[in-house]
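K.L.:
These are the residues of each chain, in order.
There are 2 protein chains.
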Amino acid sequence: MNDSMGVGRELPPALVARLTACLGERFSLSSGVRAHHGHDESHFPDQPPQAVAFVASTAEVVEVVRACAEYGVPLIPYGTGTSLEGHVLAPYGGVSVDVSQMNHVLEIDAEDMLAVVQPGVTRKQLNAALRGTGLFFPIDPGADASIGGMAATRASGTNAVRYGTMRENVLALEVVLADGRVLRTGTRAKKASAGYDLTRLFVGSEGTLGIFTEITVRLHPLPEDSAVAVVRFPSMQAAVETVIHTIQSGVPIGRVEFLDEVSIHAINRYSKTDLAEAPTLFFEFQGSPRAIEEQVALVGELAREHGAEDFSWASRPEERSRLWEARHQAYFACINLRPGCRGITTDSCVPISKLAEAVLRARAAIDASGLIAPILGHVGDGNFHTVILIDPEDAAELERAETLSAELVEIAQSLGGTCSGEHGVGMGKRAFVAREAGEAGVAVMRAIKTALDPRGILNPGKLVP
Amino acid sequence: MNDSMGVGRELPPALVARLTACLGERFSLSSGVRAHHGHDESHFPDQPPQAVAFVASTAEVVEVVRACAEYGVPLIPYGTGTSLEGHVLAPYGGVSVDVSQMNHVLEIDAEDMLAVVQPGVTRKQLNAALRGTGLFFPIDPGADASIGGMAATRASGTNAVRYGTMRENVLALEVVLADGRVLRTGTRAKKASAGYDLTRLFVGSEGTLGIFTEITVRLHPLPEDSAVAVVRFPSMQAAVETVIHTIQSGVPIGRVEFLDEVSIHAINRYSKTDLAEAPTLFFEFQGSPRAIEEQVALVGELAREHGAEDFSWASRPEERSRLWEARHQAYFACINLRPGCRGITTDSCVPISKLAEAVLRARAAIDASGLIAPILGHVGDGNFHTVILIDPEDAAELERAETLSAELVEIAQSLGGTCSGEHGVGMGKRAFVAREAGEAGVAVMRAIKTALDPRGILNPGKLVP
Chain A
1 MNDSMGVGRE LPPALVARLT ACLGERFSLS SGVRAHHGHD ESHFPDQPPQ
51 AVAFVASTAE VVEVVRACAE YGVPLIPYGT GTSLEGHVLA PYGGVSVDVS
101 QMNHVLEIDA EDMLAVVQPG VTRKQLNAAL RGTGLFFPID PGADASIGGM
151 AATRASGTNA VRYGTMRENV LALEVVLADG RVLRTGTRAK KASAGYDLTR
201 LFVGSEGTLG IFTEITVRLH PLPEDSAVAV VRFPSMQAAV ETVIHTIQSG
251 VPIGRVEFLD EVSIHAINRY SKTDLAEAPT LFFEFQGSPR AIEEQVALVG
301 ELAREHGAED FSWASRPEER SRLWEARHQA YFACINLRPG CRGITTDSCV
351 PISKLAEAVL RARAAIDASG LIAPILGHVG DGNFHTVILI DPEDAAELER
401 AETLSAELVE IAQSLGGTCS GEHGVGMGKR AFVAREAGEA GVAVMRAIKT
451 ALDPRGILNP GKLVP
Chain B
1001 MNDSMGVGRE LPPALVARLT ACLGERFSLS SGVRAHHGHD ESHFPDQPPQ
1051 AVAFVASTAE VVEVVRACAE YGVPLIPYGT GTSLEGHVLA PYGGVSVDVS
1101 QMNHVLEIDA EDMLAVVQPG VTRKQLNAAL RGTGLFFPID PGADASIGGM
1151 AATRASGTNA VRYGTMRENV LALEVVLADG RVLRTGTRAK KASAGYDLTR
1201 LFVGSEGTLG IFTEITVRLH PLPEDSAVAV VRFPSMQAAV ETVIHTIQSG
1251 VPIGRVEFLD EVSIHAINRY SKTDLAEAPT LFFEFQGSPR AIEEQVALVG
1301 ELAREHGAED FSWASRPEER SRLWEARHQA YFACINLRPG CRGITTDSCV
1351 PISKLAEAVL RARAAIDASG LIAPILGHVG DGNFHTVILI DPEDAAELER
1401 AETLSAELVE IAQSLGGTCS GEHGVGMGKR AFVAREAGEA GVAVMRAIKT
1451 ALDPRGILNP GKLVP
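Chains as they are written, first to last, in the numbering used here: chain A, 1 to 465; chain B, 1001 to 1465.
No lab work stands behind these hints: they were computed from the structure. Hints are not guaranteed to be accurate.
[As the list claims (entries may be wrong)] If you want the footprint, here are the derived chain B segments under chain A, 3+ residues with CB under 8 Å:
id, stretch
1, 1111-1122
2, 1165-1176
3, 1423-1435
[Unchecked claim] Some chain A residues close to chain B (C-beta under 8 Å, calculated; not the full set):
id, residue
4, Arg181
5, Leu198
6, Arg290
7, Glu294
A virtual CB, placed ideally from N, CA and C, is assigned to each residue, including glycine.
Produce the entire structure from the sequences given, and follow the hints as far as they go.
P.N.:
Below is the structure:
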């Protein structure tokens, strides 16, 4: 990436004219719009694009890509701006391609349990559209993210322990490539062995190989019934070991979320709940009433063996929603613990047997750092986050936080895990990915990137080490 | 691919010397060994390699690849030779890399439910090694294939409806690339969003991007209990519609296999069973006794609604094994219907709602062709095969069979499905893949192939359209 990419420079006037002719008022150079698109939920300083293109169709995306390709101007796809890794920032300038107006649910096929959506459709919007079908789209990263963004970052969240991640739930894609060609990957069949798995290559490619314009996702039958329990433990270790044994027992748990006492304290303050401030698991059991009964009996026994002190049930739907809403607000609740701060969120994911060790070592590292960082996460997948609270103006603190974050990555990688379970690589994790993928892995990623985007105009500065 | 690749020519003597120095007697130029390695279960004429390298370690694979790369000589990975699509044949000559001596189960990690194996380990071997752990490796393509071969073709089989395919069950790979570098993909964590999904790119790449030297697979808890039922239907349509409704109801069925009356007839002759010769479903239900009871009640009701005539239970383990063994022998049973014939196996996979239409249209096309072709398959995934029985010496019949095969592919693709559910592309389906992937899809596949294997020495003539 070089200077000619336009940081601090104006876009070529001919490009501006061409994009204005194509999109009219939906092509914006306004500083307010640009500032909004140069900001996400990460701790990275804002980096606005030089312009924003509010595209409304695949044809328009093709036009925008072709025009920018001609001038070698970067393209940064933008959904809802809820990235935690700086995916939407524009470190090399360029045009932010905002797909929020591509927000149509194109098809719901209840018989084949799939939906075809435009990339700007959010997960809540899709689930609202599914009401009455008996089906739902389970992937739930917390934020009401766009499905395009979720596919691009291989998102997952609380339901992944049962339903998998975007990796398992994207069936097919329409993608505009770096030269404006339109690629369609996948079919509507449940499985295939018909050539390279391009769908899986593009899922998680973070806008660096193409811009998604259509996503076919799998839907799932709504569970017949569900039950939610909040279980308090005497120690973090006891909670995490209950999870390990639950997973190893093969119980098809719906969700299982861990929150340490700091997270629970943050939630109580933020969401006005009155949960006991101790290491806690939120469980959801799903299925027929009999299946739930079996699961509850088994998990209950495991929890008691590990000293669970309290099993409280949320049986009414409103109560359950309130609990999950509080869980989903946990990130903001944590941030709110320290006014004016920003959060550096870590995203370790380890093999389940190493979860207790990973979490306990994370706790020790946090304590040693002197920083505040609640621990919480989707422990059924071996995935947990710490939210390191920092004053963005305090360079020394930022440095300490980055050292801590790197330490947590190293712990996860040394235990056979990964630096990123679900947030993606974005700007901040490229060095960690390099270590994880090794020299050959980095070379292969670069070779693929170069083969599909030789000029490096697609979301430069992200993912590829 | 050009002539210099060596068809009909000798391997460069310096290469022979180098490989002999490296492998000793495990490097073979014997015509018997070569003939064996130029043959698989497909209908393609044998195409022996120029030599066979029986490798025993990753280091040896690296040596063989480096040497062949230097001389531009093709490399064809070889596992058990059970491919149905000509994957192991050597249309451009070259060296067959036989991994059958790399047959060590390197690690069984019961706590994380994974195993690390060398590519020559077969699925039955792995399951034998897992005895006593309470875990199993479910992917079951029928043949006792090597796990390397199964990963390379993205295999699946009877259990995929519940456990997924090799796509879902390979966690990590070690791969020797075209220039001899060793790539390690994936981690032991259950999920990741740490860069391009190289594991999924290599799974299903059929030896065209690299040679697998180590595979980390997911294991699953053995079901607490299981029950098998054989159900006879008045028509193919009734059987298939029962499947559609079973899947749509969300019952977590263990397996559901369809066999038409011709397949049942073939099985009775071959495996000495006395099944009623009618369209039939083999069901397997898995779980706790209560869960099985619930599933059986639901599926039983659906089957009766569709006119099921007979529900017979195989409750004893030996009886169940005998039934599944008979199912697994179905391919050979079909071939055996017509002595001396070979089978062209089609591998359509369609969205579940289109399964009845696909199967009925397939039946009509077979009838119109005048050829014999039993229909059977893993219908819970929308995947079914026809085994077109042909006299390989009869050119006119071969042509009719190929026309029929193309027609069946067209039916599947027109219904939103794929030309290959699980057998891979190999030699025969490249044109079909081109139609399915479209112009941009073919271009992307070629770009990836060229980026990772610029000289085209890895399994040339396979997969890439």
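K.L.:
With a C-beta cutoff of 8 Å, work out whether three or more residues of the stretch 1111-1122 of chain B approach chain A closely enough for the coverage to hold.
P.N.:
holds (count 4)
K.L.:
For the restraint on Arg181 of chain A, tell me whether the closest CB of chain B is nearer than 8 Å.
P.N.:
At 5 Å from the nearest chain B Cβ, Arg181 of chain A passes the 8 Å test, so the hint holds.
K.L.:
Take the shortest C-beta to C-beta distance between Arg290 of chain A and chain B; is it under 8 Å?
P.N.:
Cβ of Arg290 of chain A sits 6 Å from chain B, so the hint holds.
K.L.:
Taking 8 Å as the C-beta cutoff, is the stated coverage of the stretch 1423-1435 of chain B by chain A satisfied by three or more residues?
P.N.:
Check passed, 6 qualifying residues.
K.L.:
At a Cβ distance under 8 Å, does chain A reach at least three residues of the stretch 1165-1176 of chain B?
P.N.:
holds (count 3)
K.L.:
Would the hint on Leu198 of chain A be counted as holding, given a Cβ-Cβ threshold of 8 Å to chain B?
P.N.:
Result: holds, 6 Å to nearest chain B Cβ.
K.L.:
Is the hint on Glu294 of chain A kept, meaning its closest Cβ partner in chain B is under 8 Å away?
P.N.:
Check passed: Cβ of Glu294 of chain A comes within 6 Å of chain B, closer than 8 Å.
Hint compliance for this structure: no hint is broken.
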